Amino acid sequence: MKMNNIIEISDLTVSFKGEGYLLTAVDNLSLSVIHGETLAIIGESGSGKSVLGLAILRLLPDTAAISGSIIFQTQDILTLSEGMMEKIRGGKIAWIPQNPKLGFNPSMKIWKQVSEPIVLHTDSSWSEAKKQAIRLLRQYSILPPEKWAEEYPVAYSGGMLQRAMLAMGTSTIPSVLIADEPTKGIDAINKKDVIEMFNTQKERGITQIIITHDLDFASEVADRIAVMYCGQIVELTSVERFFTTPLHPYSVGLVNSLPQRGLSPIPGTSPSMHEKQAGCRFKSRCSLCSRVCSEEIPLFPVGYDNVRCIQYHNRNRAW
Amino acid sequence: MKRFILLRLFQTIPVLISITFIAFLLMMVTPGDPAEINLRAMMNTESPPKEAIEQMRMEMDLDKPWYIQYYSWLSRVLHGDLGYSYQTRKSTVEEILRAFPVTFLLSSIAMLFSIIIAIPIGILAGIHPNGKLDHLSRGISIIGLSIPDFFLGILGILIFSITLKILPVAGYKGPEYLILPAFALSISLFAVTMRLMRTSMAEVLEQEYIRTAISKGLDRGTIIRRHALKNAIVPVLTYMGTQYGWLFGGAMIIESLFALPGMGRLFVDAAASRDIMVMQACIMVFAIIFIIINLCIDISYYLLDPRMRDTHE
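Chain order of the listed sequences is U and S.
The first sequence maps to residues 59 to 377 in our numbering.
The second sequence maps to residues 13 to 325 in our numbering.
Misleading hints may appear alongside valid ones.
[Claimed, not checked] Here are the simulated DSS-like cross-link-like pairs (lysine-lysine), alpha carbons at most 25 Å apart as the crow flies:
#	chain 1	residue 1	chain 2	residue 2
1	U	K205	S	K242
2	U	K189	U	K167
3	U	K260	U	K242
4	S	K76	U	K170
5	U	K170	U	K205
6	U	K150	U	K75
7	U	K167	S	K76
8	U	K242	U	K170
9	U	K205	U	K189
10	S	K14	U	K205
11	U	K145	U	K205
12	U	K170	U	K150
13	U	K150	U	K189
14	U	K188	S	K242
15	U	K167	U	K205
16	U	K167	S	K14
17	U	K159	U	K170
18	U	K249	U	K159
19	U	K145	U	K170
20	U	K159	S	K14
21	U	K205	U	K150
Think of the hints as simulated: they come from the structure by calculation, not from any bench.
Just so it is clear, the structure is predicted and the values come from calculations on it, not from any experiment.
Put together the whole structure using the sequences plus the hints.
Pasting the structure below:
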């Protein structure tokens, strides 16, 4: 493991066995997360980005078959005992769940749910944690926080719940924060607060993994971008280069589909995850597709970046 | 909270009025002339004289239109006068006060069996679905649901009263006389409660907020106690609440089998001898029990599930 990496994922495969099919959500994926960076994992729904996030915290159901390794600091998360995992979860690696409406316990007051990680991972008492929770709610513009702290999730709107979720995820100071779609259901005004919050966390030295399909948001907070397609990383690059010179045809498509680039969509839909894929997963939607694309394609290094497309084969030497 | 309870109480008024009307209707639709039935018991003869019957009909207001009858009957009921039993000549209120505690105790003990045994087993089975305990409890439930309560009662008498001689056969002289009947009465409630608790618990543990709780680093025990239990128990409580009313009314067969002088027995005996005023009183007691139970369920919902509060306030 390199000194400056906080998480090193090697050959991670996550699959779910159903009746008559094997769904491979994460396909032999390797990825290193650098200490202190904010890495955005982008991709469309079903590309396996959420499953990857859940795998890092070992939050997947028992039905998931997981292989490979996820080294956090010095330990392989996949081999740790449940007791060790409980210390890591919430304390060292915090998680912001995707669905705020379902992610909160409906019969527990918000302040208590926000305070739970504080009480668990610091020396604070419940009353100290409550004060901290109210401070956090205020920080996320849930006003007046004293009133809202005493409410149950049912009283909150979707956007407020999302912000309360962010308050809960950032209530302790973890080493790594994994956020799954943190801008879902948040309007433009509040999104500024969310961006500011992630940038503050970054200044504090917290490594952040942001799973999102909101490219604008990724451009505001991320240092690096990993593009996921059908369970694989197809491009790993810096945020600047992703928006100026995307390499993979899929990345090019994503950038061109942004409103400011003329909203041109990528033709076709992503292939069904239920079938075993061979070669380039994007080939059926790619205008540059050739016969070699049916062969398994590795991530090719291109300068500082990595890209999984045959047209960049041997490009590194020319760089 | 106060407003909510008041509102719910207010809503029971039309229900109560309809019940008095239905109970009154019973007198109109029951075959046989109430005056004649009353006289037969009073004079201890099969065919009371015609004039006496006419006299009785007038005394009982039976010659008046139904709405006058209903009015005078209702005003008597509202003054606490539920009439008297044609059979025993005792006031109906007295009969009810004698029978009510027996059935109340019987159904409460049956309910207690389910609460202290079925709910914990259901919780444990739900935490480990398809584990050993889950399979065992599923087996018990199927047997429990398949055996009729009276059969289990007879089986219980054979085993515990006649062979082992540790419990009394029948009658009612003390609380030990209620153990076997309560056990027999609780069997289907026990079976369903156990399965319902298991399913509810297993379902709650699959919810996203449980994953949120895991992601905070909470241990399994805390997650179950703090996050799962309260949410899982709400549907079970509702079910048990509604079933309490059924237990109360359904105790007829068990009370007859074990010769317990409860409400069910009272009602069956009254029906057999067309003792209308006693039947009317029994129906109203059953109805009021149901209303009180539903009120309790609503209040417990209000306390346990914050989602209910918004819809009421």
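Hint-by-hint comparison with the structure:
1. K205/U to K242/S: holds (23 Å)
2. K189/U to K167/U: With a Cα-Cα distance of about 14 Å, the restraint between K189/U and K167/U holds, given a limit of 25 Å.
3. K260/U to K242/U: Since the Cα atoms of K260/U and K242/U sit roughly 20 Å apart, the hinted pair holds (cutoff 25 Å).
4. K76/S to K170/U: violated (67 Å)
5. K170/U to K205/U: Judged against 25 Å, a Cα distance of about 13 Å means the pair holds.
6. K150/U to K75/U: violated (31 Å)
7. K167/U to K76/S: violated (62 Å)
8. K242/U to K170/U: Holds, at roughly 23 Å.
9. K205/U to K189/U: holds (13 Å)
10. K14/S to K205/U: holds (21 Å)
11. K145/U to K205/U: Given that 25 Å is the threshold and the Cα spacing comes to 32 Å, the pair is violated.
12. K170/U to K150/U: holds (20 Å)
13. K150/U to K189/U: OK: K150/U and K189/U at ~22 Å, within 25 Å.
14. K188/U to K242/S: Between K188/U and K242/S the Cα gap is close to 22 Å, so the pair holds against 25 Å.
15. K167/U to K205/U: Holds: K167/U and K205/U sit about 11 Å apart, inside 25 Å.
16. K167/U to K14/S: Within the cut-off at roughly 21 Å; holds.
17. K159/U to K170/U: Answer holds: K159/U to K170/U is near 16 Å, not above 25 Å.
18. K249/U to K159/U: holds (18 Å)
19. K145/U to K170/U: holds (20 Å)
20. K159/U to K14/S: The hint is violated at about 29 Å.
21. K205/U to K150/U: The hint is violated at about 30 Å.
Checked against the numbered hints given earlier, the structure breaks hints 4, 6, 7, 11, 20 and 21 and satisfies all the rest.
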